[in-house]
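Chains as they are written, first to last, in this note's numbering: chain A, 1 to 247; chain B, 1 to 319.
Think of the hints as simulated: they come from the structure by calculation, not from any bench.
Any given hint might turn out to be false.
[What the hints assert, rightly or not] Away from chain A, derived, C-beta distances all over 12 Å, residues of chain B:
1. Ala-155
2. Asn-177
3. Phe-180
4. Ala-307
[Unchecked claim] Partner residues aside, some chain B positions facing chain A, computed with beta carbon under 8 Å:
5. Ile-124
6. Asp-127
7. Lys-143
8. Glu-144
9. Ala-152
10. Leu-185
11. Ala-186
12. Asp-192
13. Ala-193
14. Leu-197
15. Gly-237
Because the structure is a prediction, the values reported are computed rather than measured.
Yeah, the Cβ is synthetic: ideal placement off N, Cα and C, and Gly gets one too.
One letter stands for each residue in the lines below.
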Amino acid sequence: MLALEGVSLSFGGLRAVESASFTLAEGSIVALVGPNGAGKTTLFNLISGFLVPERGRILFEGRDITGMPPERIAALGLVRTFQIVQPFARLSVRENIAVGAHLRLAGRRQALAMADEIAERVGIAHQLDQPAGELTVAGRKRLELARALATAPRLLLLDEVMAGLNPRELDDIAAVARAIRAGGVTLLLIEHVMRAVMSLAERVLVLNDGALIAEGRPAEIAADPRVITAYLGAGAAERMLKEGARA
Amino acid sequence: MRSAFAIALVLAVLLPLPWLVHSDFWTNLVIMALYYGFLGQAWNLLGGYGGQFSFGHAAFFGTGAYASAVLQVSLGLNPWLCLALAAAAGALTGALIGALSFRYGLRGSYFALVTLAFAEVFRILADSLGFTGAGVGILIPLKESAANFQFASKAGFYLVILALNALGLACAWWIENSRFGARLLALRENEDAARALGVDVFRTKLAAITLSGALTALGGSFYAQYFLYIDPAIAYGPGVSVEALLVPIVGGLGTLFGPLLGAAALQLLNQLASAAMGEAPGLNLVLYGAVLVLMIMFMPQGLFGLARLSSRRLAGRAG
Numbered sequence: 001m002l003a004l005e006g007v008s009l010s011f012g013g014l015r016a017v018e019s020a021s022f023t024l025a026e027g028s029i030v031a032l033v034g035p036n037g038a039g040k041t042t043l044f045n046l047i048s049g050f051l052v053p054e055r056g057r058i059l060f061e062g063r064d065i066t067g068m069p070p071e072r073i074a075a076l077g078l079v080r081t082f083q084i085v086q087p088f089a090r091l092s093v094r095e096n097i098a099v100g101a102h103l104r105l106a107g108r109r110q111a112l113a114m115a116d117e118i119a120e121r122v123g124i125a126h127q128l129d130q131p132a133g134e135l136t137v138a139g140r141k142r143l144e145l146a147r148a149l150a151t152a153p154r155l156l157l158l159d160e161v162m163a164g165l166n167p168r169e170l171d172d173i174a175a176v177a178r179a180i181r182a183g184g185v186t187l188l189l190i191e192h193v194m195r196a197v198m199s200l201a202e203r204v205l206v207l208n209d210g211a212l213i214a215e216g217r218p219a220e221i222a223a224d225p226r227v228i229t230a231y232l233g234a235g236a237a238e239r240m241l242k243e244g245a246r247a
Numbered sequence: 001m002r003s004a005f006a007i008a009l010v011l012a013v014l015l016p017l018p019w020l021v022h023s024d025f026w027t028n029l030v031i032m033a034l035y036y037g038f039l040g041q042a043w044n045l046l047g048g049y050g051g052q053f054s055f056g057h058a059a060f061f062g063t064g065a066y067a068s069a070v071l072q073v074s075l076g077l078n079p080w081l082c083l084a085l086a087a088a089a090g091a092l093t094g095a096l097i098g099a100l101s102f103r104y105g106l107r108g109s110y111f112a113l114v115t116l117a118f119a120e121v122f123r124i125l126a127d128s129l130g131f132t133g134a135g136v137g138i139l140i141p142l143k144e145s146a147a148n149f150q151f152a153s154k155a156g157f158y159l160v161i162l163a164l165n166a167l168g169l170a171c172a173w174w175i176e177n178s179r180f181g182a183r184l185l186a187l188r189e190n191e192d193a194a195r196a197l198g199v200d201v202f203r204t205k206l207a208a209i210t211l212s213g214a215l216t217a218l219g220g221s222f223y224a225q226y227f228l229y230i231d232p233a234i235a236y237g238p239g240v241s242v243e244a245l246l247v248p249i250v251g252g253l254g255t256l257f258g259p260l261l262g263a264a265a266l267q268l269l270n271q272l273a274s275a276a277m278g279e280a281p282g283l284n285l286v287l288y289g290a291v292l293v294l295m296i297m298f299m300p301q302g303l304f305g306l307a308r309l310s311s312r313r314l315a316g317r318a319g
């Protein structure tokens, strides 16, 4: 589905992503984790075309998408959400989602109908007529997801859609994510909420200082000494282990 | 659908006006209001709905006016044909300026400055080239007949500018109800988010400025036929650029009827001011400056936004 081959990018002297290589199998849910500043969002920006790698190749469904602009990558079916939510603030929730739906649907009426349907699936149907700028953080995260989903993607990159949500909202979104996957969409998610990673992801990729340091099933990753080392500075390793044991 | 009905209603109400007022003075006033409303709507398509603030719409206006005047005076083409050719010239100018500035990602004040610079370059060219009549300008010979786009009564011009307004409103309605418009509004709100959803920002902006340029040029062609004289300062001077953006800002950016409302309000203000203070040259520009500052400070949504807000408040109170 997606393959990265030695993808690298540096900002000045800082190596943001260093020779990242991995593949994603179709229909899987994979989590990308790592301490703050590890380069996760940069990696998303590279895959979605907002940044162009200095070295390496990115293949999506066998096609080389390295250096393609984001809108063309999105049209191919690879769509991302933003960590810092970017709603079209003065448009209504319905109009926001319809922008995504228009990627596949030319008709205004069809796109608006699809927006209603997607809003239902993501759980923001009661807010369809509100301006997106008036939504709460949780609402905006869902809108971000809904817009991306409306483009009928094949691969969805979700950048911290669960950050800042309370446990109930977390379970809701996790259920939505599973339903999306059941609909045939492959998911790659950046997530700090370990509870979600452990329960949702089938595979975990660990990024540290721009390099992939570990890869495996969530339980294996939680016990991996390299991962613990990477997280220890932030004091997160123990917490991660505990979360892993509980899950 | 409701907004399409509103457009039809407004046009139907306006249609018989010249035969009701029986006065050249008032008909002229309404023609000028509709003319500014049309220019404002043309600007609104790009600036209001698309969020790309141009300070140089005179580049399109002047190109339309000159295309119309030069083609009929030098080549003897029919002025109605010139009207269509003016639109084509405006579209071309829009596409050219758009391709150059959007290709290099110019936004906000940089885009505004580039459009201003283009208008100034065109003004200087028109001032020095021979076929534009240079500084003397072009006088269109008087040949009154409807076939010649020169009407004996003001009612004829009124119908033409009303038809142009219908066209402008139809374009705005289309933007509010189409995929193209949804994409234009999305990129106005957030370009990166729009691109992430597959919106080709460059092509969408290019289409918007091409359309806006074509309509503005139609306004230029209308001006040339109505006044039968243009020179570089009239056609390419900053006056038109300022009025084109002031009208929708006063009336309500990115709204269907904002430009018409803004033009009517500014015409009224202009008349009141000259009645109170006489026709001092440059007075209207001082006034426009003051209005612009006040609107942006206290009423950034414009008159139409204000009307919508208060109707929502009333509805909220009723519910």
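Exercise for the section: Would you pick out the hints that fail for this structure and give their numbers low to high? Expected result: Failing hints, ascending: 2, 3, 5, 6, 7, 8, 9, 15.
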